[in-house]
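**Student:** The lines below spell out each chain.
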Amino acid sequence: MNADLSVTLGSLTLPNPLIAASGCFGYGLEYEQVVDLSMLGGVVSKGLFMKERQGHPPPRIVETPAGMINAIGLQGIGVHRFVKEKLPLLNKAGARTFVNVCGTTLDEYVEVCKVLSQAEGVAAIELNISCPNIKEGGIQFGCSLNGTYDVVSAVKKATHLPVIPKLTPNVTDVASFARAAEDAGADAVSLVNTFLAMAIDVETRRPKITNVMGGLSGPAIRPIAVRMVWECYQLVKIPIIGMGGITDARDAIEFMLAGATAVQIGTQNFVDPFVWPKVLDGLKNYMTRHNVAKISDLIGSFDPTPPKPVHA
Amino acid sequence: MANVRLSRDYSVLSLAAPEVGRRTAPGQFVMVKPAGVTDPLLRRPFSVFEVLRDAAGAVTGVSILNKRAGRSTNKLYELEPGDVVSCLGPLGVPFKPVAAPTEAWMVAGGVGLAPFATLAESLSRSKTPTTLFYGARTADELFYLDFFEKLGIKLVLTTEDGGRGVKGRVTGPLEAALKNAGPSGAMVYACGPEPMLEAVAKLAARYNQPCQVSVERVMGCGLGGCYSCVVPVKHGDEHANLVRSCISGPVFDGAELVWE
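In order, the protein sequence lines correspond to chains A and B. If you count by the numbering used here, then the first sequence holds residues 177 to 488, one letter each, in order. If you count by the numbering used here, then the second sequence holds residues 17 to 276, one letter each, in order.
Please keep in mind that the hints were generated in silico from the structure rather than gathered at the bench. Take the hints with a grain of salt, since some may be wrong.
Stated by the list, open to error - Reference excerpt, derived from the structure (chain B facing chain A, CB under 8 angstroms, subset only):
#1 G52
#2 T54
#3 L57
#4 L173
Unchecked claim - With a straight-line cut-off of 27 angstroms between C-alpha atoms, the simulated DSSO-like cross-links for lysine-lysine are:
#5 A:K227 with B:K250
#6 A:K384 with B:K83
#7 B:K49 with A:K384
#8 B:K83 with B:K143
Built from N, CA and C at the ideal position, the CB exists for glycine as well.
Whenever a hint applies, use it, and build me the whole structure from the sequences.
**Tutor:** This is the structure we're talking about:
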């Protein structure tokens, strides 16, 4: 059987549902030596503002049980340098490039998206309204239903590219934010960004990272992220890109069953940069075992019938 | 392959990784963790300590000098032959070599000895006159002295308690040597705790000798993906930029680093 792994996000069709998550894959090119970028469904760039940013002073990450907390602070080269220096090389490598767009104001989101609309080879815009680590990083949009609606509508008016807001889990009801994004015309939503967290060195009584608080990612957050994708899937019709602690094909399929059309892999790139072909093979293997011709048939096919009691 | 405990805190972990060994240049590092576990989740960076060879001279792997400092290094200390570790590398920018008549002065503090075994071999092959300034807390934390002596490396030892060599910090004898540097000068190589690196880089600058330092930072991926391991670097009059020590380092020109 020739497995059909393609998935559709609005006007965008990807050869498979696996996308490299923003902030965990540099600008993609860093990983060219270990993975063929054209093999991935897509690559999401690091978050980009109009201008370059230095980010927070180190230490910026700390490992926690089955996860890590980061507060990089959106260090980045700015959208103009990205378009000039990175995008042509990503195109040459055959990558489908999603650009993660940040802004300190609504105008900045719009301006960055306008720059990208004129560039050659941007597949979609992922709107970063969810970075927990900087006060002016769009979280003020991502934590307010009106803010989410306003920024998505403004950006939609400014670009022909698919617009995919990335939602924060640090709200009471993430599905209502997915709905606000859908109402504003978003082509898809991606979730979740990291969970606001902190870790203390008990010997010194000091924070383990300079920024004190940061975003928790990795396998530790996966069950919460799956739950949130399922909640959103029941409320909105636009496609969902699911993420949170995916390490292998089983994890990816779990998100798809919960309603994700595509998935992003983030922290696992640090654990195993050779993860991509393994997950792709795992997806094909699952499709064969379960007699699934099209991977898109899995989307939301979760069966909420209670499990049979198991005697261990 | 082996895990030789040198003391209660230090061990030399030998890894059967011939390809890594063949490709390693002095100063490069590997990312290591016990395989197949989520604790630790991420690998930790280690300078390649030795490139291991069999009796016929064929490269069989690499070793790392491990000092217990936390959960991950504790677990590596406990590993036994046959346990599997996950090792990514070699990574990063190596030391730039130097040749006679310029001398090579390697300055090591504690576990900062790690990158100098392979550098010493390389300098010895090129017949570069080489000195190792090596400081530790106590005499029983000075390791591999025979190894360096056999390569013809001159040793200048310091201990904080005066148990062996000069009492005090390694920067004392280094400054004395810098004051008397010959006309051909010396390339200073440094690896160790950050305050030591700062002191060495500033001393080298004061006495107009070039200096390369190998920095250590909390690192997530080792490939430039996560932006965790940045250090402030300044070229000329530019403002300092935070650059990734995994791909732009770990070896930097001591004069370009900005000390906080």
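**Student:** Next, verify each hint and record whether it holds.
**Tutor:** Structure-based check of each hint:
1. With 8 angstroms as the threshold, the beta carbon of G52 of chain B stays out of range of chain A, its nearest partner Cβ sitting at about 11 angstroms, so the hint is violated.
2. Residue-level restraint check for T54 of chain B holds (minimum Cβ-Cβ distance to chain A is 5 angstroms; threshold 8 angstroms).
3. Using the Cβ-Cβ criterion of 8 angstroms, the hint placing L57 of chain B at the interface with chain A is satisfied: the shortest such distance is roughly 6 angstroms.
4. The restraint placing L173 of chain B at the interface with chain A is violated, with a minimum CB-CB distance near 30 angstroms, outside the 8 angstroms limit.
5. Annotation: proposed proximity of K227 of chain A to K250 of chain B holds, straight-line Cα distance about 20 angstroms (limit 27 angstroms).
6. The hinted pair formed by K384 of chain A and K83 of chain B meets the criterion: a straight-line CA distance of about 20 angstroms does not exceed 27 angstroms.
7. For the hint pairing K49 of chain B with K384 of chain A, the CA-to-CA distance comes to about 21 angstroms; that is within 27 angstroms, so the pair holds.
8. At roughly 31 angstroms between alpha-carbon atoms, K83 of chain B and K143 of chain B are farther apart than 27 angstroms, so this suggested pair is violated.
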